[in-house]
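With the hints as your guide, set chain Z onto chain L.
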Amino acid sequence: MTGSAEGIGARVTRREDKRFIIGKGRYTDDMNVAGMCHAAFVRSPHAHAKVASLDADAARAMPGVIAVLTGEELAADGVGNLICGWMIHSKDGTPMKMGAWRALEHETVRHVGQAVAVVVAETRAQARDAADAVVVDYDALDAVVDSLDALKPGAPQIHPEAEGNLIYDWEIGDEAATEAAFASAAHVTRMEIRNNRLVPNPMEPRSALAHYEEADEHYTLWTTSQNPHVARLVLSAFYNIAPEHKLRVIAPDVGGGFGSKIYIYPEEMVCLWASKKTGVPVKWTSDRTEAFLTDAHGRDHHSEAEVALDADNKIIGLRVKTVANLGAYMSLFSSSVPTYLYATLLSGQYDIPAIHCNVKTVYTNTTPVDAYRGAGRPEATYLVERVMETTAREVGMDPAEFRRKNFVRSFPHQTPVIMCYDAGDYDASLDAALKAIDYDGFAARKAEAARRGKLRGIGLSCYIEACGIAPSQAVGSLGAGVGLWESAEVRVNPVGTIEVLTGSHSHGQGHETTFAQLVSERLGVGLDTVSIVHGDTDKVQFGMGTYGSRSGAVGMSAISKALDKVESKARKLAAHLMEASEGDITLEGGTFKVAGTDKELPFFQVALAAYTAHNMPEGMEPGLKEGAFYDPTNFTFPAGTYVCEVEVDPETGKTEVVDFVAADDFGTIINPMIVEGQVHGGLTQGIGQALLENAAYDADGQLLSASYMDYTMPRADDVPSYRLMTTVTECPGNPLGMKGCGEAGAIGSPPAVINAITDAIGTNALEMPATAANVWRALKSAQPAQAAE
Amino acid sequence: MANVTMTVNGKSVSKPAEGRTLLVEFLRDGAGLTGTHVGCDTSQCGACVVHVDGKAVKSCTMLAAQADGAQVTTIEGLASGGELHPMQAAFREHHGLQCGFCTPGMIMAAVDMVNRLGAPLDEAAIRAELEGNICRCTGYHNIVKAIAAASETMAGMKTAAE
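These protein sequence lines are chains L and Z, in that order. So the number in the numbering used here is just where the residue sits in the first sequence, counting from 1, plus 27. So the number in the numbering used here is just where the residue sits in the second sequence, counting from 1, plus 239.
Simulated from the structure, these hints should not be mistaken for laboratory data. Heads up, the beta-carbon is just placed ideally off N, CA and C, and yes, glycines get one too. Some clues are possibly wrong.
[To be verified] Label pairs and their in silico Cβ distance ranges: (1) Z:294 <-> L:794: 52 to 58 Å; (2) L:638 <-> Z:367: 56 to 62 Å; (3) Z:322 <-> L:804: 52 to 58 Å; (4) Z:294 <-> L:725: 36 to 42 Å; (5) Z:294 <-> L:169: 25 to 31 Å; (6) L:565 <-> Z:398: 50 to 56 Å; (7) Z:259 <-> L:591: 57 to 63 Å; (8) L:219 <-> Z:322: 56 to 62 Å; (9) L:640 <-> Z:318: 41 to 47 Å; (10) Z:282 <-> L:90: 27 to 33 Å.
[Stated by the list, open to error] Taking lysine-lysine pairs in the DSS-like style, the calculated list, with each CA pair at most 27 Å apart, reads: (11) Z:250 <-> Z:397; (12) L:45 <-> Z:397; (13) Z:294 <-> L:51; (14) Z:250 <-> L:51; (15) Z:294 <-> L:681; (16) Z:384 <-> L:45.
[Claimed, not checked] Here are some of the chain Z residues that sit facing chain L, going by a computed Cβ distance under 8 Å: (17) 253; (18) 280; (19) 281; (20) 343; (21) 362; (22) 379.
Bound-form chain Z, shown alone:
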C-alpha cells in the first residue's frame, strides 16, 4: 500500500492508503478528522465538501491518491486562531443548523460560493448555488439567511484588508 501525503489544515499528513481509498476516508480514518461526513455515497448531498487547493470538492467522490500533494482544508481548519470564520458565526447567529450533520459540508460549500461569486449574494443565487447540498432539518430558510449575511461580512473583511 503506497503512502499518500497531503497538507491538511496546514499540517502534513502521510498515511498508507489503498488505491480505492476515498479522500473522505483518508480524512476521517487516516487523519482522524471526523468533521467531514458521508451522507449519500453518490455525490449528491454535499455533507463531505472540503476544499482541495482552494476549491470545494466532494471528498466522497475523489480518491485520496488524487489529493496527493494537495493543500486540503476541512471544517476543522476553517476557524483561525480560535476565531470562528464569518460563515461559521453566521450559521450559528441565524440558526442555520439543527442536527449539524450536513453543516460542515454546507459551510465549506458556502465559503467556496462566496469566494467564487463575491458579495453580496441574493437569495435566488444562494438557492441555486446550494444545488449540491442537502439539508433535511432546516428547510434551507435560515441557511440562505446565514450565507447572505456571511457574504456581506466576508466582503467587508476583504475590503478592510485591501
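Bound conformation, chain L alone:
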C-alpha cells in the first residue's frame, strides 16, 4: 500500500453529495421516456377475502386508459409466482410450507393492500381515477393478525399448503445439554419478550419504470433496488419475464433501503409485464400508504427466554422459544431472518456453554415480513440484552459487572449456535462506554433528576452482530438459494484514470467516496481520477448488492483483490519498461520507482504503455483491466457497548433520551465521517423502535398506522446528539480487516433504551414502543405492588 491523504482512514467529504444538494439526484421517479404511461394498482381493502368478481368495463372506458390487466391474464401469460429464496427445514426434516404468491391475485387476497389488478393510463391521475372505478366484489373471510393467535386451533387457515398457518418449526443448538444446564442451575431468570413490528420507511418510495422494446424483444427496468443483478436474476429465472440478456435492470440513485429494497415485489414485475402487454413504457411510483401496505415489514417476534446461572452467576444455559410472524406470504429472504440471522446470535458477547432455540414461523393476514436493518440480529440482541439486564437485577449484581463476568475473552470462540467469533475485545468497548458516560457518577445524576421530579435511568447493551454476509458454501449448506460473494472490476484507462465496477449498490452509504478511497490508498492516485460504477446490469458484471453490512467487508475485499491483480501487472510492466527487476519496483504516491536509483515512471504512463502495447514483456497481454470475485471465509463480528440515559416524567410517562454513548468495534475504518453517519442513523432507527414506532393492526387486519400521521417516525426533537467512539480489533477474515458498520446502531440501541427506562421506573413490565402512554401504564401498574411490599 502506498498511503494517501485521501486513502484509508481519511475523513474526506463525499463525492456524491453535490448532485444531491443542488437537486440533481437521479432517482427512478425522476426518469421519463417518450410515450411513457402510468400504472395504478387496484388493491384489496380486506385482509382476507375471496375475489368473487372483478368488473373493469367502466374503468376501461375512462379518459386516457390504455388497459386494465388482471391476475387471470398474468397467470395465463405464464408469469411465475413470487418466491422465497432460502429453504428452511423443520426439525422433523420437512421443508418449509410456501404458499403461492401471485403478483396480481385473482382468487384469494390475504392482506390489506394486496394488488388484484393494474390500470395503465396516460397520466398518473387518470390511472388512479380508473383504478378507483374498477369494481371488485369480495367475499370476506375471517382474518388473523397476531402470530400466536394464528397458531391456535380453529384460527383462519391462510394458505392450503401450510396447515395451522405453521410455515416451519425449526431448532438450533443442543436441547439435551441445555436441559441439563437448567437442571443444575442455581438461578433461572424467565422472561416473555415481544419485538414490535416495524415499517422500514426509506424516504424514497419504491418506484419502477419498465420499457419493453419490441424490435429487440428487450426490457429495461429502472427501479429502486439494493441489488439490481439479483432483481434481474429473479425476474428472469423465476418470474419468466425475459432471459437475463434481454433484461437490463438499472438502480440509479436510490433514496434509502434498509432492507426493504432487496426484494422483488409484485409491482415492479407487473410493470415489466404490462409494458409488453400494452406496448408502452410503464411507470409506477408508490405513495406512502401503498409503501406502508406493501413494503416488507420488519421484526414481529414473540419469545420466551430463560437463562440458567451457576452459583457463581456464570451463565450455563440459554433456552429460547420464538414465534415469528412472516405475514401473508414468504418474502424473498424472510425464512432466513428468524433462523440463521437471529438464533445464531443468541450467544451475544457471552461464553454460554449450552443454548437451544426453537423458532416457529407463521402466516398471518398482514403485510409480508422480511429483513429490515439488522434483520434477526436486532431481535437476538434485544432478547439477550434484556435478559442480561433483568438477570443482573434479579441476582443483585451490577449489570456491567454481570456482563463482564460472562464475556467471551479468547478467540476464535465457537458458540453453540454455529457462529465462530474471530476477533473482538468486549472489555475494551465496555470500558470506553462506561468511562464516557461516567457510570460511577450516575447515582448523583439520578438524585439530581429526582430533585427536578424526574426519574432517571441508565441502561446498557453489549451487542454483537454477524455481517459481511456471507460465505457462499456455508450459507448454501444452510439453505440459501444464492452465493453471497461480491464482484469487482478495476478498469485502468489509457490515460490512467480508473473506473471501478462494483456489484455493491450505494443508496446512501457513500460508496462513490469510500471505494475510491481504497483505490487512492492502494495506487496513490487522487480521488478525482477514480469513478465508481454501480447499479446497472448492462455496465457491471454480476454482483450480489448491498445489505447485511456487506459492502465494505465483502464488496471492498473484491475491489482489493482486483487491485492486487492490477498492481501486479502494472508492476511487471513498469519493471520491464525501466529494465529493472520486479522485486526492486516500489509504488509510492502514484509513481513506480526502482529502489536505489532515480528511475521512476508515473502510474498513468505505465497504463498508457499497457494500451499502446509497443513494448510489453514476453507473453503479457495488452491492457490494464482486472476483475475479481471475493467470497468471504466467515461472517464478520462487529460488537460494542451502548449506554443510554433517560429521564421519565412520572406525571406523563414521557421519556427523554438525555445521553447516549456508543462504543463500537468495526475493525478497520475507511472514512470515520461516513461510519459515524451510519451509526447516527442506525441509533435513531433503534431508538425509534424502542420509543415510537409500531405497525399496529386491528383485529380485522387493517393497518392502523399506514401514514406518517399515524406511524411515529423519529424526528429531530425525539433524539439527542450522540457521543460516539470506536475501539478496534481488526477482522482477520478479509484483506482490509473490516467488519461493517451499517446495522450496528439499529441492532444495539433498543435494549439500551428499554433497560434505561425500566431502570428509571422500577418495573420491568414494559414493551416496545415505550410511548408515554405505555410507560405511564407501566408506572401505574407497578405502584400498587410497590405499595404492598
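Here is chain Z on its own, set in the frame of chain L:
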C-alpha cells in the same frame, strides 16, 4: 385546462394544469425540476419544501393554481452563479445527507429557518424547528450541525452585506 404561470428560479414557467394539480407535480412534471421530492403525500415529511414568495411551503399540499403568479424557488435555484448556498455547502461539509432524498426539502426548510429566526441557532431550536422534516438516514445529528454552521455563515454574509 387553464394555464398556470409562475416564476420558478427566476424564469417564467407557463403550463396547462388541472385544477387538482399539486404545486410539486407542476414543478416536477411541468417544469422538469425533479429536485423537489414527494415522500409522504400527507404534508409530514417535508421532502417537497420549496419557497413560495420567500416562505417555505410544502409543495405537496399546495395546488399549482394557488401559486399562479408567485415567485417560486426550488433546490435547483438556491445556488447562485455556480456557487453553493452556505446551507448546501454546510450539508456537504458536515455530512448532513446520506441517500439525498430528504435533502432538498431539508435544505429549503433550513434556509427558511435561518431567514425567519436569524443566527446563531442553537441545537434545541434547530431540532424543534425541524419538526416538519423527516430523515431516515442521518439520525439528524449531522443535519443539526450543518444548519448551526450555516446559520453562522449566513449571519456573517448578512453582516458583510450591510
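Here's how the hints hold up against the structure:
Look at residue 294 of chain Z against residue 794 of chain L: about 43 Å separates their beta carbons, and that is not inside 52 to 58 Å. Between residue 638 of chain L and residue 367 of chain Z the Cβ separation comes to about 59 Å, which falls inside the hinted range of 56 to 62 Å. For residue 322 of chain Z paired with residue 804 of chain L, a C-beta distance near 55 Å keeps the hint of 52 to 58 Å intact. For residue 294 of chain Z and residue 725 of chain L, the hinted distance range of 36 to 42 Å is satisfied, since their beta carbons lie about 40 Å from each other.
For the pair residue 294 of chain Z and residue 169 of chain L, the supplied restraint of 25 to 31 Å is violated, since their beta-carbon distance comes to about 51 Å. Remark: the range hint 50 to 56 Å for residue 565 of chain L to residue 398 of chain Z is upheld by a beta-carbon distance near 53 Å. Our hint of 57 to 63 Å for residue 259 of chain Z and residue 591 of chain L holds, since their Cβ atoms are close to 59 Å apart. As the Cβ distance of residue 219 of chain L to residue 322 of chain Z is approximately 59 Å, the hint placing it in 56 to 62 Å holds.
Checked against the given bound of 41 to 47 Å, the beta carbons of residue 640 of chain L and residue 318 of chain Z, roughly 45 Å apart, stay inside it. Distance hint check for residue 282 of chain Z and residue 90 of chain L: the Cβ-Cβ separation is about 28 Å, which falls inside the suggested range of 27 to 33 Å. For the given pair, residue 250 of chain Z sits about 25 Å from residue 397 of chain Z by alpha-carbon distance, which is consistent with the 27 Å threshold. For a cut-off of 27 Å, the pair hint linking residue 45 of chain L to residue 397 of chain Z stands: about 25 Å separates their Cα positions.
With a C-alpha separation of about 22 Å, the suggested pair residue 294 of chain Z and residue 51 of chain L falls inside the 27 Å cut-off, and the hint holds. Straight-line distance between C-alpha atoms of residue 250 of chain Z and residue 51 of chain L comes to about 18 Å, which keeps the hinted pair within the 27 Å bound. Between residue 294 of chain Z and residue 681 of chain L the alpha-carbon distance is near 33 Å, which puts this suggested pair outside the 27 Å criterion. Proximity of residue 384 of chain Z to residue 45 of chain L is assessed by CA-CA distance (about 18 Å); at most 27 Å being required, the pair is judged to hold.
Interface hint status for residue 253 of chain Z: violated, as the beta-carbon distance to the closest one in chain L is roughly 19 Å, over 8 Å. Evaluation of the residue 280 of chain Z hint against chain L yields a held restraint, the C-beta minimum of about 5 Å falling below 8 Å. For the restraint placing residue 281 of chain Z at the interface with chain L, the shortest Cβ-Cβ distance is roughly 5 Å, inside the 8 Å limit, so the hint holds. Interface restraint check: residue 343 of chain Z against chain L, minimum CB-CB distance 5 Å, threshold 8 Å, status holds.
Using the Cβ-Cβ criterion of 8 Å, the hint placing residue 362 of chain Z at the interface with chain L is satisfied: the shortest such distance is roughly 7 Å. Interface hint status for residue 379 of chain Z: upheld, as the beta-carbon distance to the closest one in chain L is roughly 4 Å, under 8 Å.
Hint check: violations occur at hints 1, 5, 15 and 17; the rest are consistent with the structure.
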